[in-house]
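Asks: Chain by chain, the residues run as shown.
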Amino acid sequence: MNELRMYVEQLFQNRVLTSDTIELKEEIYGNLIARYEDYVAQGLSHEEALRRTKESMTSIDDVMSGEEAMKNENLNANQNPNANVTEQMPIAVSQPGAAPPAGDPAPKRRKPWVITAAAAAVILVLICGVAIGMNIMPKQTQGQVPEATVTVDDTTVDDTAQDVQKTEAEAATVEQEPAEEQATEPATSTDDQTAEAKTSTTQKTTTSNTTTLRSMPRLTDDDGPRERQATEALADEVLNSPLSTLTKYASTKPSSADNRAAFVRALPLGDYVTASSFSNGTLAIDYSSVNHNIDGDAIDLALAYDVVAIMATYGDSVDTVKIELHESDDHSYDVDTYIFDRAMVEDMLASVSSNEYTKITGSMLESKNAWNKVFNNVATYRFFDNVTDYAELDY
Amino acid sequence: MSTRDAVSDLIRGNIDAIILCTLSGGDSYGYEILKAIAATSRGEYEMKEQSLYTCLKRLEGQGFVKSYWGDETQGARRKYYRMTDAGAGELGEATERWVRVRNIIDRLLTQERGDR
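Protein chains in written order, with numbering that gives the first Met the number 0: chain A, 0 to 394; chain B, 0 to 115.
For the record, the hints were derived by calculation from the structure and aren't laboratory data. Small disclaimer: the values here were computed from a predicted structure and weren't measured. Accuracy of the hints is not assured; some may be wrong.
When the alpha-carbon atoms are kept at most 20 Å apart in a straight line, the in silico SDA-like pairs for lysine to any residue are as follows [what the hints assert, rightly or not]:
1. A:K321 - A:A260
2. A:K372 - B:D70
3. A:K372 - A:S352
4. A:K367 - A:P241
5. B:K56 - A:E22
6. A:K358 - A:S316
7. A:K367 - B:Q73
8. A:K367 - B:G74
9. B:K56 - A:S18
10. A:K358 - A:R381
11. A:K367 - B:D70
12. A:K367 - B:K65
13. A:K372 - B:G69
14. B:K56 - A:S353
15. B:K65 - A:D19
16. B:K65 - A:S18
17. A:K321 - A:S255
18. B:K65 - A:S353
19. B:K56 - A:F11
20. B:K56 - A:T246
21. A:K372 - B:E71
22. A:K367 - B:E71
23. A:K372 - B:S66
24. B:K56 - A:T20
25. B:K65 - A:T20
26. B:K65 - A:S316
27. A:K372 - A:N385
28. B:K56 - A:T17
29. A:K372 - B:Q73
30. A:K367 - A:T246
31. A:K247 - A:G223
32. A:K372 - B:G74
33. B:K65 - B:A85
34. A:K358 - A:T281
35. A:K372 - B:T72
36. A:K367 - B:G69
37. A:K367 - A:L242
38. A:K372 - B:Y67
So here's chain A without its partners, still in its complex pose (with noise of 0.2 Å):
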């Protein structure tokens, strides 16, 4: 429900995305999703179930800044039963499955496994992802002004100025973003021609979706479009990369030059694979000229989704990944180097996962289930900053 989506990140625009905000919107978004089904349950086409999806959520002023909302609950008791008809709730037509009254005790019970913040948003982009995938949606532009915002709720209108000036203002107290660290280096825009050529071939299945992966941990609205395109194209990459990639070479030997050559192109960033080799335990990969646009998180996201990719495929044949980095603004001799330990990783995991996987092995790649678990907890920022941290050197 890519429209939804879009829409639920034009709410979420000029927020800065905290874990709070990021799983508030995926809340958001799965409520909206719920609605909107219900009301095409009823019978409404699909435009005006949209319409009035949208327009049950015009604003997240009122839950950013707490308290407001209390004053505009909406009672439908002596009024006009047309006032405020688009956002009457749907109760009387009876819905098959689509949200059945909490007294129902059918679906309750869930088992309670937490997810996390950066996890969540990262499904919600795979969601995302889908459905661009099959087309359902037109295109919408990120600009676009919702057409709901001109209805029903004057008092969000009129806070809004006034708390997103308060947000940005706990955003300057609460973000701690450490300097990137391209702004201490020289801007140079030679590379970006070659650079973009390599990110366009991983865009085009994502044109239509540029807002979804705002979504993606600390990429702030300050970061300019160039970056904000290429942090999307590599974070849809990590999203969209397919189960079958590892279980197309999981019989394969890493030894095996082409099959490795081929797999470690396959995995994201693989566009700028330019060298693989693998000894003793150890496999290395070399990429160069790496978008220098594209945000350190996911570069560090890609990685750590590369290496459990790669160990969990190889097994136990690989016991280090090790990673040359190299960005496409640096000089040929300034190269970033990863040294992934198994058990480095392992650990890491283990502790996100609260040892639900202490061990990465072929298993994880059994069902789709299985690998997206395991992905729910690579795709924690706490993973996938700590692990690339940990195996980064400082020379």
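Starting from the known structure of chain A, fit chain B onto it as the hints suggest.
Replies: This is chain B only, laid out in the frame that chain A set:
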């Protein structure tokens, strides 16, 4: 103040208990909670989605509910809420409070009880 606002205010004073009561029937997620409240009030009261998030956040902060992500394998993921034991205790107390207040107000406004 319009009738609508006045009635809305009265309900709002009890909205946390109303949400807890909804959850006492089983774990639920945002939209389902809103629907249940609308249905139980027979369409006379609709809670805004914005308000719901604020309330749930508050209830979670007080330890009366706990949230967790559902494991939907397809479609959007949903955040579910479960009432805690502390929440059940609070619901009991809030219900008693309401009955007591209702009786008092009924008396003060010289209404017969229980005819609605």
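Asks: Which numbered conditions among the earlier hints are violated in the structure presented, ordered from lowest to highest?
Replies: 12, 14, 20, 26, 31
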